[in-house]
Each structure stands twice: as C-alpha cells, then as structure tokens.
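K.L.:
Sequence:
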Amino acid sequence: MTDAVALPAVSLRVIAPAALLAVTGFVLMLLDLLPPRHRREHMAFVGLAGVAAALVATALLWGSEETGFQGMVVLDNFTLFLTLVIGYATGLVLLLSIDYLQRLGMESGEFYILVLFAATGMVVMAGANDLIVVFLGLETMSLALYVLAGIFRTRIEAGEASMKYFLLGAFASGFFLYGIALIYGAAGSTNLNKIGAAVAAGTARDPLLLIGFGLLLVGFGFKISAVPFHLWTADVYEGAPTSVTALIATGSKAAAFAALVRVLLTAMRPLQGEWAWLFWGLAVLSMTLGNVVAIAQQNLKRMLAYSSIAHVGYMLVGIVAGGSLGNGGVLFYLLVYTFTTAGAFGVILLLERGGEEAVRIGDTAGLAARHPLAALALSVFLLSLIGIPPTAGFVGKFYLFGAAVRSGYIWLAVIGVLNSAVAAYYYLRVIVSMYMREPEGTPTVLAPSFAGALALVVALWGVIQLGIMPAPIFDLAQSAVLPLLR
1 MTDAVALPAV
11 SLRVIAPAAL
21 LAVTGFVLML
31 LDLLPPRHRR
41 EHMAFVGLAG
51 VAAALVATAL
61 LWGSEETGFQ
71 GMVVLDNFTL
81 FLTLVIGYAT
91 GLVLLLSIDY
101 LQRLGMESGE
111 FYILVLFAAT
121 GMVVMAGAND
131 LIVVFLGLET
141 MSLALYVLAG
151 IFRTRIEAGE
161 ASMKYFLLGA
171 FASGFFLYGI
181 ALIYGAAGST
191 NLNKIGAAVA
201 AGTARDPLLL
211 IGFGLLLVGF
221 GFKISAVPFH
231 LWTADVYEGA
241 PTSVTALIAT
251 GSKAAAFAAL
261 VRVLLTAMRP
271 LQGEWAWLFW
281 GLAVLSMTLG
291 NVVAIAQQNL
301 KRMLAYSSIA
311 HVGYMLVGIV
321 AGGSLGNGGV
331 LFYLLVYTFT
341 TAGAFGVILL
351 LERGGEEAVR
361 IGDTAGLAAR
371 HPLAALALSV
381 FLLSLIGIPP
391 TAGFVGKFYL
401 FGAAVRSGYI
411 WLAVIGVLNS
421 AVAAYYYLRV
431 IVSMYMREPE
441 GTPTVLAPSF
451 AGALALVVAL
461 WGVIQLGIMP
471 APIFDLAQSA
481 VLPLLR
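Quick note, in the numbering used here, the sequence shown goes up one by one and the last residue is 486.
Worth flagging that the hints you see were computed from the coordinates, not collected in a lab. Treat the hints with care, since some could be wrong.
What the hints assert, rightly or not - Derived lysine to aspartate or glutamate pairs resembling EDC-like cross-links, with alpha carbons at most 20 Å apart:
#1 K194 - E65
#2 K194 - E160
#3 K194 - E66
#4 K194 - D206
#5 K164 - D235
To be verified - Derived CB-CB ranges, DEER-like:
#6 P372 - I211: 37 to 47 Å
#7 L30 - A369: 45 to 55 Å
#8 E65 - F26: 22 to 32 Å
#9 M436 - E65: 45 to 55 Å
#10 A421 - I468: 15 to 25 Å
#11 S479 - E274: 24 to 34 Å
#12 P483 - P35: 44 to 54 Å
We put the beta carbon where it would ideally sit given N, CA and C, even for glycine.
Given the sequences, and given the hints that come with them, work out the whole structure.
P.N.:
Here it is as structure tokens:
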C-alpha cells in the first residue's frame with residue numbers, strides 16, 4: 001500500500017474576513033436568480049450584512065498573529081487595519097449605489113455581486129505574504145472593477161472607461177507577473193520573507209532581482225495611479241458610474257498600498273536606502289502633476305481624479321519617511337481618504353441637472369441656497385482634502401509631513417506643504433461656486449436618497465471624528481505596522 005498523501009492544513013480563520021465577503025458574493029449570485037426581477041435593493045442589504053459581518057470578524061481577530069496556507073497568507077494587525085478600511089469603503093459604496101442605480105434605471109444584481117468580489121480581492125491583497133497571492137487578489141479585484149466601470153452599457157463614456165481600464169490594467173498586470181517570474185528566478189521563492197532573506201544575504205545585487213522589483217513597481221504604480229502610471233485615472237473616473245469611481249478611488253488604493261507596503265518592508269527592506277529616493281521622486285511628481293493639472297479641470301470627477309493622484313503623492317511621502325510614524329501615517333491617511341473621498345463622490349452622485357448627473361463645477365452654482373446641508377457636507381469634504389483643521393485631512397497630512405521631517409526629508413515635506421497650498425485653489429473654487437454664484441439656466445437639484453444620506457452622515461462622522469480625536473486610531477495604525485518592522 002502506498003502512503004496516504006498528507007494534505008496541508010487549511011486555516012479559515014486566517015482568511016475569515018475575505019471568506020465572509022466571498023460567501024456573501026455567492027449568496028448574492030443565488031439571490032439574483034430569484035424574483036422580483038425588477039427590484040434589486042434587497043441584494044444591496046444582503047451585501048451590507050456581509051460587509052458588516054466581515055468588519056465584526058476583523059474587530060474580533062484584532063491582535064491575532066498567525067500565518068496560513070504554508071505562509072502565503074498572514075493574519076496580523078496590518079492586515080486587519082486595511083481590512084477595516086476596505087470594509088468601510090465597500091459599505092459606503094453599497095449605500096450610495098442603492099437609489100443611484102434605481103434613479104438611472106441601471107439597477108442590476110451583477111453590480112452588487114461584483115462589488116463584493118472586488119472587495120474580496122482587496123482583502124486578499126491586504127493579507128498576502130506571497131507574490132502569487134498578491135497577484136491573485138489583484139486580478140480578482142481588477143476583473144470585477146473592469147466590468148463595474150462599464151456596467152452602464154448604454155453609455156459610450158462608460159464603455160470607453162472600461163476598455164481603457166482593462167487594456168492598460170492588462171499591460172500593468174503583465175509587467176507585475178513578469179516581475180514575479182524574474183524575482184522567483186533570482187531568489188528561488190515568491191514568499192516575501194524568503195525573498196527578504198535572499199536580499200539580506202547579498203543576492204540583492206543580482207540584476208535579475210532588481211529588474212523584477214522594478215517591474216513590480218510598475219504594476220503597483222498603475223494600481224495606486226502614481227505618476228507616470230496615472231494616464232488611465234481621469235478617463236476612468238469620469239466615465240465609470242460615480243459609486244464605482246468612489247470604490248476605485250478608495251478601496252482599490254487601500255489594497256494596492258497594503259500590498260506595496262508589505263512588499264517594501266518585508267522583501268525589500270535591506271534596500272530601503274536605495275528605493276526611498278525612487279519613491280521620493282514619485283511622490284514629488286505625483287503631488288505636483290496631480291495638483292497642477294487639477295486646476296484646469298471643469299468636471300468634478302476629473303478634478304477629483306487628479307486630486308487623487310496628488311494624494312497618492314502625499315501617501316508616498318510616508319513610505320519614504322518609513323518607520324512606524326511614516327508607515328502608520330500612510331495607514332491612517334488611507335482611512336481618512338476613504339471617508340473623505342467617498343463622501344465627496346457621494347454628494348456629487350446625488351446632484352442632478354436637467355435629468356442628468358451634475359458633474360461640472362458650474363453645476364454647483366447656488367447649491368448652498370437651495371440645498372444648504374448638501375453644500376455644507378461637500379464643503380467639509382473638500383476642506384478635508386485641502387487639509388484645513390479641524391478636519392481629518394489636516395491631521396493626516398500633519399502625520400505624514402511630520403514623519404518626513406523627523407526622518408530628515410525636510411525638502412519633501414516642504415514640497416508637500418506647497419502642493420497643499422496649490423490644491424486649495426481648485427477645491428475652494430467649488431466652495432465659492434456653491435456659496436457665491438447664481439446658477440445659469442436649469443438649477444441643480446438634490447435627488448432624494450435615504451441610503452445615500454446615511455452614507456454621507458457616516459462619512460462626515462469619520463472626517464470630523466478623525467480630525468478632532470485622531471490619537472486612538474493613529475495609535476492603532478502604528479501598532480498595525482509594527483509586525484512588519486521587526
């Protein structure tokens with residue numbers, strides 16, 4: 001008799017949040033087969049229940065440190081903190097989508113299913129300790145987002161956004177996969193810990209390994225939309241459904257930064273002195289180009305697209321600074337940015353003019369007189385993006401730039417502050433339009449949406465709470481990166 005094959009131990013606890021999201025997605029697939037066919041809001045509520053369950057599981061697992069699937073997936077506070085960020089982003093997007101899809105006559109069960117599977121891929125990326133698992137999560141997330149970007153099939157701009165996102169994303173994935181192959185050839189493993197050991201042992205000077213890391217950074221640069229890998233961002237943000245744009249701007253960035261930080265601190269930490277200057281340049285380019293080009297935009301979604309590129313530059317400042325302060329600041333800023341950006345897109349999503357979405361800056365003229373609460377909410381979100389106290393955006397930038405100064409990157413912090421001053425122009429332009437200009441032609445109205453209003457209340461609470469009492473969450477963010485710094 002032959003010996004029985006020993007099967008590897010499978011710990012579902014390590015992937016509990018991702019598993020809950022995936023199971024919810026499969027449940028939604030079954031619900032989509034059942035009546036009523038013309039109404040699908042119940043699927044959004046089931047999706048919200050799945051997200052809530054994943055968030056509860058994340059909170060219960062806080063403090064755990066274990067690996068699973070032969071070290072390919074890790075459960076630690078870093079994974080859990082990013083899972084919370086992704087969960088909040090997904091929940092807000094589901095709330096914003098309920099009435100939005102009905103209003104536009106585009107409601108479909110596939111939308112909610114794809115949002116859940118995109119979130120599953122994001123959480124997998126956050127906990128990946130192996131380049132193959134990073135790629136698996138990346139593709140699960142990306143394929144869902146490609147379809148979501150073009151889910152409004154009757155809109156030409158949505159199809160264009162989806163096609164551009166898919167084609168450029170496929171090229172970026174090709175670079176990423178080729179980088180994995182080269183790193184495997186040089187280090188003999190795709191496990192981040194083993195790659196880090198090979199780098200520390202002196203294999204780091206192997207040209208194959210360095211080229212592989214360079215190709216990985218191309219893939220990561222595309223997903224976080226850092227300059228010069230940002231060319232897809234404005235067209236996709238503009239053409240995609242606004243709630244999908246919010247998900248791309250928040251959840252996908254959080255997942256990509258999670259994987260990037262883990263790769264840098266686990267596999268590439270021995271080379272930190274060299275790659276820090278590379279990211280110094282990327283940070284300056286992203287901040288400067290994003291803010292300068294945003295000034296010329298008249299479309300709110302395109303303006304926020306270039307704004308997001310600038311905010312990626314701010315977060316790269318934290319990566320350059322390093323340590324628990326810099327990397328903890330990146331995690332804190334991701335949470336702040338999630339609440340702020342989802343809220344800003346949420347207000348835009350509720351605006352209508354002449355039966356169409358009101359997405360131009362001119363459409364906001366006189367909004368404060370007709371809908372003062374909506375104007376106030378959008379103003380708070382824009383002030384947070386500028387970094388005006390007491391909003392969370394100010395605290396987030398304070399932590400990032402403070403970490404850069406402490407690490408000796410004073411000029412990088414100065415450039416960041418100057419870019420924030422430039423950004424104030426195009427954000428304040430929207431506020432001036434809302435409060436100091438009269439509308440021309442048909443005025444903009446606010447579409448009624450209880451779920452959308454609830455999402456805005458949650459986002460506002462996050463922006464104000466993190467601005468007034470940031471210390472507890474920032475302490476959690478710092479403790480979350482400590483396992484990667486040992």
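K.L.:
Each hint should be assessed against the structure and marked as holding or not.
P.N.:
Right, here's what the structure says about each hint:
1. K194 - E65: Given that 20 Å is the threshold and the Cα spacing comes to 18 Å, the pair holds.
2. K194 - E160: Violated, at about 42 Å.
3. K194 - E66: 17 Å, holds
4. K194 - D206: Roughly 15 Å between the alpha carbons, so the hint for K194 and D206 holds.
5. K164 - D235: Holds, at roughly 8 Å.
6. P372 - I211: 37 to 47 Å: 56 Å, violated
7. L30 - A369: 45 to 55 Å: 48 Å, holds
8. E65 - F26: 22 to 32 Å: Between E65 and F26, where Cβ atoms are some 29 Å apart, the hint holds.
9. M436 - E65: 45 to 55 Å: 54 Å, holds
10. A421 - I468: 15 to 25 Å: Since the Cβ atoms of A421 and I468 sit about 24 Å apart, the hinted range of 15 to 25 Å holds.
11. S479 - E274: 24 to 34 Å: For S479 and E274 the Cβ distance comes to about 28 Å; the hint holds.
12. P483 - P35: 44 to 54 Å: The hint (44 to 54 Å, Cβ to Cβ) holds, given that P483 and P35 are roughly 48 Å apart.
Hints 2 and 6, counting from the list given before, are not met by this structure.
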